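Chemist: Those sequence lines, one after another, are chains B and R. Using the working numbering, read the first sequence as starting at 1 and increasing by one per residue. Using the working numbering, read the second sequence as starting at 112 and increasing by one per residue.
Everything labelled a hint here was simulated from the structure, so no lab data went into it. Just to be clear, a hint being listed does not mean it is correct.
[As the list claims (entries may be wrong)] When the alpha-carbon atoms are kept at most 20 Å apart in a straight line, the in silico SDA-like pairs for lysine to any residue are as follows:
1. R:Lys152 <-> B:Ser80
2. B:Lys98 <-> R:Gln140
3. B:Lys98 <-> R:Met156
4. B:Lys98 <-> R:Asn162
5. B:Lys49 <-> R:Glu209
6. B:Lys98 <-> R:Ala210
7. R:Lys152 <-> B:Leu7
8. B:Lys98 <-> R:Ser154
9. R:Lys152 <-> B:Asp85
10. B:Lys98 <-> R:Glu216
11. B:Lys98 <-> R:Thr189
12. B:Lys58 <-> R:Glu216
13. B:Lys49 <-> R:Tyr169
14. B:Lys49 <-> R:Leu212
15. B:Lys49 <-> R:Val114
16. B:Lys98 <-> R:Gly172
17. R:Lys152 <-> B:Ser70
18. R:Lys152 <-> B:Lys49
19. R:Lys152 <-> B:Ala87
20. R:Lys152 <-> B:Lys58
21. B:Lys108 <-> R:Ser154
22. R:Lys166 <-> B:Asn61
23. B:Lys98 <-> R:Val227
24. B:Lys108 <-> R:Thr189
25. R:Lys152 <-> B:Tyr39
26. B:Lys98 <-> R:Tyr169
[Unchecked claim] Covered stretches of chain R (chain B as the covering partner; in silico rule of three or more C-beta atoms under 8 Å from a C-beta of chain B):
27. 129 to 142
28. 220 to 227
[As the list claims (entries may be wrong)] Label-pair distances were calculated between CB atoms; the ranges are:
29. R:Phe150 <-> B:Ser70: 34 to 40 Å
30. B:Glu71 <-> R:Gly127: 50 to 56 Å
31. B:Asn41 <-> R:Glu133: 26 to 32 Å
32. B:Ser14 <-> R:Ser116: 33 to 39 Å
33. R:Lys177 <-> B:Ser3: 23 to 29 Å
34. R:Arg224 <-> B:Ala17: 29 to 35 Å
35. R:Gly127 <-> B:Glu66: 27 to 33 Å
36. B:Thr72 <-> R:Ser194: 39 to 45 Å
Quick caveat: nothing in here was measured; it's all calculated off a predicted structure. Backbone N, C-alpha and C define an ideal beta-carbon position, used for all residues, glycine too.
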Amino acid sequence: AQSVTQLGSHVSVSEGALVLLRCNYSSSVPPYLFWYVQYPNQGLQLLLKYTSAATLVKGINGFEAEFKKSETSFHLTKPSAHMSDAAEYFCAVTGGNKLTFGTGTQLKVEL
Amino acid sequence: GAVVSQHPSWVICKSGTSVKIECRSLDFQATTMFWYRQFPKQSLMLMATSNEGSKATYEQGVEKDKFLINHASLTLSTLTVTSAHPEDSSFYICSAREAGLTYNEQFFGPGTRLTVL
Chain B
1 AQSVTQLGSH VSVSEGALVL LRCNYSSSVP PYLFWYVQYP NQGLQLLLKY
51 TSAATLVKGI NGFEAEFKKS ETSFHLTKPS AHMSDAAEYF CAVTGGNKLT
101 FGTGTQLKVE L
Chain R
112 GAVVSQHPSW VICKSGTSVK IECRSLDFQA TTMFWYRQFP KQSLMLMATS
162 NEGSKATYEQ GVEKDKFLIN HASLTLSTLT VTSAHPEDSS FYICSAREAG
212 LTYNEQFFGP GTRLTVL
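Isolated chain R, as found in the complex:
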């Protein structure tokens, strides 16, 4: 149980285009989903927290107009990188927290490798 999927697993796009990444909880309802960014050989950096049906909460320094997050249902959150540029190239990982758990255990997706040319 507690499986989280991400799609696509990797994407290459041209500079200036937008890319959407999906994060799905496959066998549980996730009231909260998280989006992280990971640079090579570094730890995970939390970008934003999204709660189903409400606006995402962005971490300091993360451009909300560039990284659009939608959490329209209890099993799906999307991250859209708008007008992507090479510096947006990174590994993006989502996680989901199951409703009812008290200790904030998060289940992680397999990640999406974004390369912007």
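Pulled out of the complex, with its shape left as it was, chain B reads as follows:
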């Protein structure tokens, strides 16, 4: 069985500041991990994925995430936030046929 915990349902940062969205996972098998972004009234867009290759994964829009097995974490970061980054972010894990999503983190970017 797999599960995902996203710490912080709401995160607020200033434009230009570091973005850090936390994700911890639990999996009984080697996991594949994903970060998705969702804008209002839209579907999910894949930001990046970890599929057991490099532990530091670079994605679209300047986002990256590091897989840390010892910490069972897959935190999402971006060095400098932009207003267009304001959205809902979901971490997800799969070890089989299904994706298990976290509860999501709403990112707010302030001027």
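Following the hints, position chain R against chain B.
Modeler: Okay, now just chain R, sitting in the frame of chain B:
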């Protein structure tokens, strides 16, 4: 590549009517499609998994007679909400998994907003 479409993007219907939502993989073959439901400010809840040519597998608590899923081809799955009621109002999202991928990456449609009056 890997584009998934949904139709309609939004629908309003009267209580007691049935509504069909289509999910299409536009540029790849999807052996497996998934249907999710999302309530406001919440995460996605998996409703069912459908494999082309076979019956869908429903998650616990999802009424299979109310949410009919058909996956008749490698590019099309449909979700029919039968005898819809206001509590069925929600955002429905489908996803598709491309044949041959080993790590269950799913490509998501843009969602369908269902409002039942």
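Chemist: Decide if the proposed pair is consistent with the structure: Lys98 of chain B and Ala210 of chain R, CA atoms, cutoff 20 Å inclusive.
Modeler: holds, 15 Å
Chemist: Tell me if the straight-line CA distance from Lys49 of chain B to Glu209 of chain R falls inside 20 Å.
Modeler: Holds. Lys49 of chain B to Glu209 of chain R sits at ~15 Å (cutoff 20 Å).
Chemist: Quick one, are Lys49 of chain B and Leu212 of chain R close enough, alpha carbons at most 20 Å?
Modeler: holds, 13 Å
Chemist: Can the restraint linking Lys152 of chain R and Leu7 of chain B be considered satisfied, given a maximum Cα separation of 20 Å?
Modeler: holds, 15 Å
Chemist: Take a quick look at whether Lys166 of chain R and Asn61 of chain B sit within 20 Å of each other, Cα to Cα.
Modeler: violated, 39 Å
Chemist: Run the distance test for Lys98 of chain B versus Val227 of chain R: straight-line Cα separation, threshold 20 Å.
Modeler: violated, 29 Å
Chemist: Sort out whether Lys58 of chain B lies within 20 Å of Lys152 of chain R, counting only the CA atoms.
Modeler: Cα-Cα ~27 Å, so violated.
Chemist: Within a Cα-Cα threshold of 20 Å, do Lys49 of chain B and Val114 of chain R meet the stated pairing?
Modeler: holds, 17 Å
Chemist: Is the distance from the Cβ of Ser14 of chain B to the Cβ of Ser116 of chain R consistent with 33 to 39 Å?
Modeler: Check passed, 37 Å falls within 33 to 39 Å.
Chemist: Lys98 of chain B and Gly172 of chain R were given as a pair; does the straight-line alpha-carbon distance stay at or below 20 Å?
Modeler: holds, 17 Å
Chemist: Regarding the pair Lys152 of chain R and Ser70 of chain B, is the alpha-carbon distance no greater than 20 Å?
Modeler: With a Cα-Cα distance of about 31 Å, the restraint between Lys152 of chain R and Ser70 of chain B is violated, given a limit of 20 Å.
Chemist: Between Lys98 of chain B and Met156 of chain R, does the CA-CA distance stay at or below 20 Å?
Modeler: holds, 11 Å
Taken one by one, the earlier hints fail for this structure at numbers 1, 13, 17, 18, 20, 22, 23, 24, 27, 31, 35, listed in ascending order.
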